[in-house]
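Visitor: If you want the building blocks of each chain, they are given just below.
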Amino acid sequence: MVENIKSQMRKGILEYCILCIIDRKEAYTSEILEALKSADLLVVEGTLYPLLSRLKNNGILTYRWEESSAGPPRKYFCLTTEGKQLLSQLNGEWQAIRQSIDRII
Amino acid sequence: MKETRTINLNGLVFHIDNDAFQALNNYLQDIELRLPADEREDVMTDIEARVSELLQAALFAKNVQVVDIKMIETIKEQIGAPSEFGGNKRPKIKVRPTENSGCGRVLKITLIVIAALIAAQVLIPVLAVLFGLCIAALGLGVGAFSFLPALSIPFFDGHWGSALFAFATGSLAVCLPIYVLIKTIVSLIRNHKAPQGKFWLITILLWLLSIGCFTAVMYKQATRLPEIKALPQTIQQAIDNDSTGFEESMEDWAEEVEDWAEEIGD
Chain A
187 MVENIKSQMR
197 KGILEYCILC
207 IIDRKEAYTS
217 EILEALKSAD
227 LLVVEGTLYP
237 LLSRLKNNGI
247 LTYRWEESSA
257 GPPRKYFCLT
267 TEGKQLLSQL
277 NGEWQAIRQS
287 IDRII
Chain B
3 MKETRTINLN
13 GLVFHIDNDA
23 FQALNNYLQD
33 IELRLPADER
43 EDVMTDIEAR
53 VSELLQAALF
63 AKNVQVVDIK
73 MIETIKEQIG
83 APSEFGGNKR
93 PKIKVRPTEN
103 SGCGRVLKIT
113 LIVIAALIAA
123 QVLIPVLAVL
133 FGLCIAALGL
143 GVGAFSFLPA
153 LSIPFFDGHW
163 GSALFAFATG
173 SLAVCLPIYV
183 LIKTIVSLIR
193 NHKAPQGKFW
203 LITILLWLLS
213 IGCFTAVMYK
223 QATRLPEIKA
233 LPQTIQQAID
243 NDSTGFEESM
253 EDWAEEVEDW
263 AEEIGD
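As given, the protein sequences belong to chains A and B, one line each in that order.
Under this note's numbering, read the first sequence as residues 187 to 291, first letter to last.
Under this note's numbering, read the second sequence as residues 3 to 268, first letter to last.
All the given hints hold, so there is nothing to weed out.
If you want the footprint, here are the derived chain B segments under chain A, 3+ residues with CB under 8 Å:
(1) 7–18
(2) 34–44
(3) 50–60
Within a straight-line C-alpha distance of at most 35 Å, the following computed DSBU-like cross-link-like pairs (lysine-lysine) qualify:
(4) K261(A) x K64(B)
(5) K223(A) x K197(A)
(6) K72(B) x K242(A)
(7) K110(B) x K242(A)
(8) K270(A) x K211(A)
(9) K261(A) x K72(B)
(10) K110(B) x K261(A)
(11) K261(A) x K192(A)
(12) K261(A) x K242(A)
(13) K242(A) x K223(A)
What the hints contain is simulated information worked out from the structure, not anything from laboratory work.
C-beta: ideal position from N, C-alpha, C; glycine also.
Please construct the entire structure, taking both the sequences and the accompanying hints into account.
Guide: Below you can see the structure in the form of structure tokens.
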């Protein structure tokens, strides 16, 4: 029960966090995974892939292939113009949520 | 000593134990089945890329050359259970031969397309023959009705058992090819292969039997009619009349030729 609530809370903000990470700089999947894991936001990696695909299909993200010396080419994600507009709106929303929660707790 | 196989994962070659391969293959298939169609290709490419990265790292860390089942179990824990990818209820698993499962996705898709084309090559002529025979059977019935106007309603008069039997076998003769077509299409979509030989044997035998029974009951019913019983005499009479008329017209023509010859002689 408790774990489920925690998981749902984290999942709710995961898309926003992914957009923030990619907004800092173009990133490939493993870099996004590492950033999320180090922030203790991701338990299993499988959650990330469908989210990235959905964001890409909705025109929020796009990607380009880049050759890698360590192996096969890597898929680097970046925000589209629409994605940047969405992130700007989400930043405002996050501030509002924080203030609301702070007033309650 | 363990048997291994070689796989291509995201463009990288790995040697993998058979049991590890089965575990990885089942895991990837399970995830693939849970993904929505519009996300499937993208997500599977990402996951395969990630698995290949993790395998590379594990092989390097352990300084070994072959992927074992423990590495696969670790990767499964790290990436997460297939249920994390969506779908509360596990869909039906597609049964696929595992011999070629080590091939890349492009090769797999190519093999499926080739298999579908071969199946279509076999399927289309078989369905065409079935359809043609069905039309012929229907034509036989329609022809019988057209040839003998008296058959239209009173054909089964007093013989309702025969009427029902003809209706049942005629319906089976029409419906079986449609059923075969639908079943084959569904099987190709679901399992990427046409139905087995037993299916064809049973349906074709049943279909021929229904055609045979339908023809037999129609023939039996037709021979009960006075028009049919009198048919040989009617035909003979028609031939006789026709031959008499032919002889008369030949005689007339001969007379005309003689008159014409006399006129020329004069």
